[in-house]
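Please work from the sequences and hints to get the whole structure.
Chain by chain, the residues:
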Amino acid sequence: MFGAGGGTSSYQEVQDTDVILLWGSNAREAHPIFFHHVLKAVHSGARLYVIDPRRTTSAEWADTWLGLNVGSDVALSNGMAREIIQSGLHNREFIQRATKGFEAYAASVEPYTLERVETLTGVPADVIKDVAHTYARADRAQICWTLGITEHHNAVDNVLGLINLGLLTGHVGQYGSGLNPLRGQNNVQGGGDMGAIPNRLPGFQDIEKDHEARAKFERAWGVKIKPKYGWHMTEMFEAMERGELSTLFVLGENPVQSDADAHHVKKLLDGLDHIVVQDIFRTATAELADVVLPASASWCEAEGCVTNSERRVQRVRAALKPPGNARDDTRILVDLAARLGHDWEYGSHEDIWNELRSLAPNHAGMSYARMEELGGIHWPCWDEDHPGEQFLHGRLWQEPRDGPAAPFHAIEDSPPVEKLSDEYPLRLTTGRRLDSFNTGVQTGGYASPLRRSEELEMSVADAEELGVSDGDRVRISSVRGHVVAPVRINPSLRPGLTFMTLHFPDEVATNLLTINATDPKSGTAEFKATAIRVDPVGPGEPEETAAAAVPASQPGD
Amino acid sequence: MDIVLHNEVPSKGEREAVDAVLGPPESSWESGEPLSERDRHVARGGHAARARRHLLLPTLHAVQSRAGWISRGALNYICRRLTIPPAEAYGVATFYALFSLEPQPPVVAHICTDVACMPSGSGELCAGLERLIGPEGQHAANGQAIWHESPCLGMCERAPAALVTVAGEEPHEHAVAPADAEGIASLLAGGEVGPAPPPSIPQAGQPGLRLLRRVGKVDPGSIDSYRAHGGYEGLRAAFDMGQARVLREVSDSKLVGRGGAAFPTGRKWEAVAANPRQPHYLICNADESEPGTFKDRVLLEHDPFFIIESMTIGGYATGAEHGYLYLRGEYPVAWERLVAAITEARARGFLGQNILGMGVSFDIELRKGAGAYICGEETALFNSIEGYRGEPRNKPPFPVDSGLFDMPTVINNVETLINVPGILVEGGQSYATIGKENSTGTRLFCLSGRIARPGLYEAPFGITLRELLEMGGGVLDGRPLRTIMLGGAAGRFVTPDELDLELTFEATRKAGTSMGSGVVMVVDDTVDMPAILMRIAAFFRDESCGQCVPCRVGTVRQEEALARLVNGRPRGSVEQEYALLDEITASMRDASICGLGQTAADAIESALRKLDLFETGGQR
Chain B
761 MFGAGGGTSS YQEVQDTDVI LLWGSNAREA HPIFFHHVLK AVHSGARLYV IDPRRTTSAE
821 WADTWLGLNV GSDVALSNGM AREIIQSGLH NREFIQRATK GFEAYAASVE PYTLERVETL
881 TGVPADVIKD VAHTYARADR AQICWTLGIT EHHNAVDNVL GLINLGLLTG HVGQYGSGLN
941 PLRGQNNVQG GGDMGAIPNR LPGFQDIEKD HEARAKFERA WGVKIKPKYG WHMTEMFEAM
1001 ERGELSTLFV LGENPVQSDA DAHHVKKLLD GLDHIVVQDI FRTATAELAD VVLPASASWC
1061 EAEGCVTNSE RRVQRVRAAL KPPGNARDDT RILVDLAARL GHDWEYGSHE DIWNELRSLA
1121 PNHAGMSYAR MEELGGIHWP CWDEDHPGEQ FLHGRLWQEP RDGPAAPFHA IEDSPPVEKL
1181 SDEYPLRLTT GRRLDSFNTG VQTGGYASPL RRSEELEMSV ADAEELGVSD GDRVRISSVR
1241 GHVVAPVRIN PSLRPGLTFM TLHFPDEVAT NLLTINATDP KSGTAEFKAT AIRVDPVGPG
1301 EPEETAAAAV PASQPGD
Chain U
8 MDIVLHNEVP SKGEREAVDA VLGPPESSWE SGEPLSERDR HVARGGHAAR ARRHLLLPTL
68 HAVQSRAGWI SRGALNYICR RLTIPPAEAY GVATFYALFS LEPQPPVVAH ICTDVACMPS
128 GSGELCAGLE RLIGPEGQHA ANGQAIWHES PCLGMCERAP AALVTVAGEE PHEHAVAPAD
188 AEGIASLLAG GEVGPAPPPS IPQAGQPGLR LLRRVGKVDP GSIDSYRAHG GYEGLRAAFD
248 MGQARVLREV SDSKLVGRGG AAFPTGRKWE AVAANPRQPH YLICNADESE PGTFKDRVLL
308 EHDPFFIIES MTIGGYATGA EHGYLYLRGE YPVAWERLVA AITEARARGF LGQNILGMGV
368 SFDIELRKGA GAYICGEETA LFNSIEGYRG EPRNKPPFPV DSGLFDMPTV INNVETLINV
428 PGILVEGGQS YATIGKENST GTRLFCLSGR IARPGLYEAP FGITLRELLE MGGGVLDGRP
488 LRTIMLGGAA GRFVTPDELD LELTFEATRK AGTSMGSGVV MVVDDTVDMP AILMRIAAFF
548 RDESCGQCVP CRVGTVRQEE ALARLVNGRP RGSVEQEYAL LDEITASMRD ASICGLGQTA
608 ADAIESALRK LDLFETGGQR
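Just so you know, the sequences run in chain order B and U.
Heads up: the first sequence begins at 761 in this note's numbering, then just goes up one per residue.
Heads up: the second sequence begins at 8 in this note's numbering, then just goes up one per residue.
Some hints here could point you the wrong way.
Unchecked claim - Some, not all, of what chain B presents toward chain U, calculated at C-beta under 10 Å: (1) I793; (2) V802; (3) L808; (4) A819; (5) W821; (6) W825; (7) G827; (8) S1219; (9) V1220; (10) L1226; (11) P1251.
Everything labelled a hint here was simulated from the structure, so no lab data went into it.
All C-beta atoms, glycine included, are put in the ideal place defined by N, C-alpha and C.
If you want it as structure tokens, here you go:
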């Protein structure tokens, strides 16, 4: 945030903090390693608030669970902000020293009274007041979030709402306080850091605006780089629809099963001229490919580095040879470049890394030798004498401040695109379970005593009304399609709210239901809020999964 | 956490019993009822909920005494209320002998068949019950009653002993000793029980008693009676001299713990007083379960304010405002009298905030064990209070650094603590002149078995076994003495030629024995000694918590080898069995983490070594 593109705090600081707001995250199941750090904090006395429509297993550990309505996160963060300002608990010193736009922001949250926010979120006013005061009064406090914040049509606003709270209270840029998006894989952070996002060069340097950086890369690589942001995935799909994108190179992704509105995605991919898939498994997307390039498993068959949620860059070493014709990802790319007439030949993986260090100043000090010696290094690490920074944005607390002020952003509540109706009266939200990972590509091959097949979790009251009990098969329909799955009654779900995962796309293609209303700024789809209806499947009725007759014209398109 | 509850629900009575301990549920998350409008959006829990884990044991007691057993529905409800995973709560509930996880009739008779009751007719009692109401463990009296054999019930001076528990809306318990089959059978059928007998203090009225001086003379229900007999002089003296001086007097007295380890009390208290971590806790260990021991019961039943005063002084001296008194579950009379005494002490300003207007705060929470010998081990007792299985912890850290709730903790037994008021009144140095060398003061001895006048005796350290036997009137009916079990089942057997042993810590240690908890159980030539040893072996096999392997396996192997010897079918020769037992003994002694395993072979080993029980081929 504030241009840094990574969580601000180290895991150690999460352990040493006093208050944790886990917002839109079931880290107990989806980020279990990170949750161990949360639990260490809890065991040494930290207070934990979990903000999630579902009372998840993470929420069971919380001092207070705030079960907000799906998609009312901005209302809650604005309401907390108003309460903090009204009670005089905002950090005037920090606001004055390090931020800009406070007055406009304060005015923008003014309409978010406790009473109104109670109506919008469902969370009682006294509980909102409690969390606002506890967060603001804490000596150290962390906000950690994941996809419950970002898988919405207004994802960026949701994130800005949390950042606003950090700025309002000064809970950023100091040891133990911070704002942390949790990464879902060991190297999500590293992917972005290395430039695998449409608007940045390696080292998080802006491809359009940072002319100096671009010139530096052009010199090093001997090519011209267009000063133009690329497409993120959703924009690529839109480009496919317009016929502007005809060839797709997919590395380690399975969009046919992982993206919202799966029928639509498959239709688009079917219409392409050429698809190349580079993956360690033969995924559903690979089934559509013209060329499949078998890759090595990056955690055990490849050399290189990974960067985790706390921005710590660590070495990875190959312990095994890849099986069969599978090859190191880097090797494949270098050979591909050679066929296309470019000599990318490097002496070693370390050479590639050293080139990166010479071009990405925030990685400059991370030699292989130092990483080995220190057990990984947090970025930024400006030179070989720099220890790496445990937390970001300490500059905001310097007097005089070093660098630009951090801006507040006035944002407004914007409920889910898909409204509940008489025809689709239930809210479906999606997520993960402890034993499975995303579409199951990496986990489906292993047995787990915890794993159940896909189920529609629903409340006791809704199940009673439908006259269904555990294990009964039901048809789950949205505007876009329907699937059939067994019911599992979950007493901790409130009436009106249902839950599914995307772990078993071959049996139950949950993403046939989800809406691809995407956030214009981040390109993330609103996986967390679909309107559905549920009907019991009578004996002898056909169960096949199908798209609705008219799949087009979705509200979010 | 990850709490997955099954679907059984509690009965109305079980729910009431739980709510009586925990208060009414604060949300539908706790009650298990359909989510209220508010609870659809809020749940409280976390630290506040987990901080109530220590209420698990009292809650289990409440359900057991209401329903007679703990059903899955009740356990489910307890788990929901306290946010405890059901598997963990089940683990705790099954740890204790007094809790039943199977349906059980409301009326249960526990018949002591332990070492002190065996020579005094427990066998006949069981045979009588079998004849009158049916075999052990089978429902009788139209399914309304059942009887079980039990380890020592702590009423050895009036053996044989029985405890009858009656579950229901108004649960009650009867300690019966001496018990006879007809009396127990009539109780099981709903009959009444007679008044409690007077305390067995053969020395009553004699001069020179320090710890027993009020027993039998004071009204245990009246704080004024206690004060009229010299009560609360020690606390007054403590407040007058100040905290630092209390610590010094206790150190000067050379008082050491009476539990068996003989650790200097003053050093323990000073360590906790000086520990900067807060809060401090003070615990009185009244989980007296060593077979043959009944001193705590007599003292707590007949002079309950004595321990309250002593604990208050301990809390003052060590900076602890919260005390726990952990009483074994088999002492209903002591429990009732302590509850009443604590209530009265609070009402009269001797407990609570600002005691005697001195600005000192101290209060006592009573905790009831549920039939687990191991909970007398200090760290197991912490776990038991905290709501976990009563399994000992590794040491270090020692309790003075990290005890109850991982905080600095003083834990002393009853006898140790009640020495303190007297020390403060007369001064530590004066106290140190009583007894011998480093064994200062007086000692309580529990005389039982084949002795003419069984009961609780007090004598200065240094008295010999012979003198003690004489005080007790000698062997019953003038029969020849065969052996004495000294120190309990975890102690050792001594022979008639050791009667001139001076009872001090130094002398007993030198003689390779131990006074333990002060048990002196007399065995004459009428007693079936191999049966006694088998009972001891069974006791340890039963009471081993199973946490560490040497003890869990060793106590079973010991019992098996002994059974082969007793049945005259040694594997190989008798000598080979002895060698095997020696090996088991060494493993348990070296590798068990707590005293139970370390001493589980002592008594048996000493008996085999000293008493000619089994024909051997030659010198052993």
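Going through the hints against the structure:
1. At about 16 Å, the closest approach between the beta carbon of I793 of chain B and any beta carbon in chain U exceeds 10 Å, and the interface hint on this residue is violated.
2. About 7 Å separates the beta-carbon of V802 of chain B from the nearest beta-carbon of chain U, less than 10 Å, and the hint is met.
3. Interface restraint check for L808 of chain B: the shortest CB-CB distance to chain U comes to about 6 Å, inside 10 Å, so the restraint holds.
4. Look at A819 of chain B: its Cβ gets to within about 7 Å of chain U, closer than 10 Å, so that hint holds up.
5. At its closest, the beta carbon of W821 of chain B sits 6 Å from a beta carbon of chain U; the interface hint therefore holds under the 10 Å criterion.
6. Taken as an interface hint, W825 of chain B checks out: its beta carbon lies about 4 Å from the nearest beta carbon of chain U, inside 10 Å.
7. Hint status for G827 of chain B: holds, given a least beta-carbon distance of 4 Å to chain U, under 10 Å.
8. Annotation: interface hint on S1219 of chain B holds; nearest CB of chain U at approximately 8 Å, less than 10 Å.
9. For the restraint placing V1220 of chain B at the interface with chain U, the shortest Cβ-Cβ distance is roughly 7 Å, inside the 10 Å limit, so the hint holds.
10. A hinted interface residue such as L1226 of chain B counts as satisfied when its beta carbon comes closer than 10 Å to some beta carbon of chain U; here the least separation is about 16 Å, so the hint is violated.
11. Hint on P1251 of chain B holds. Least Cβ distance to chain U is approximately 8 Å, under the 10 Å limit.
When the structure is compared with the earlier hints, violations turn up for hints 1 and 10 and for no others.
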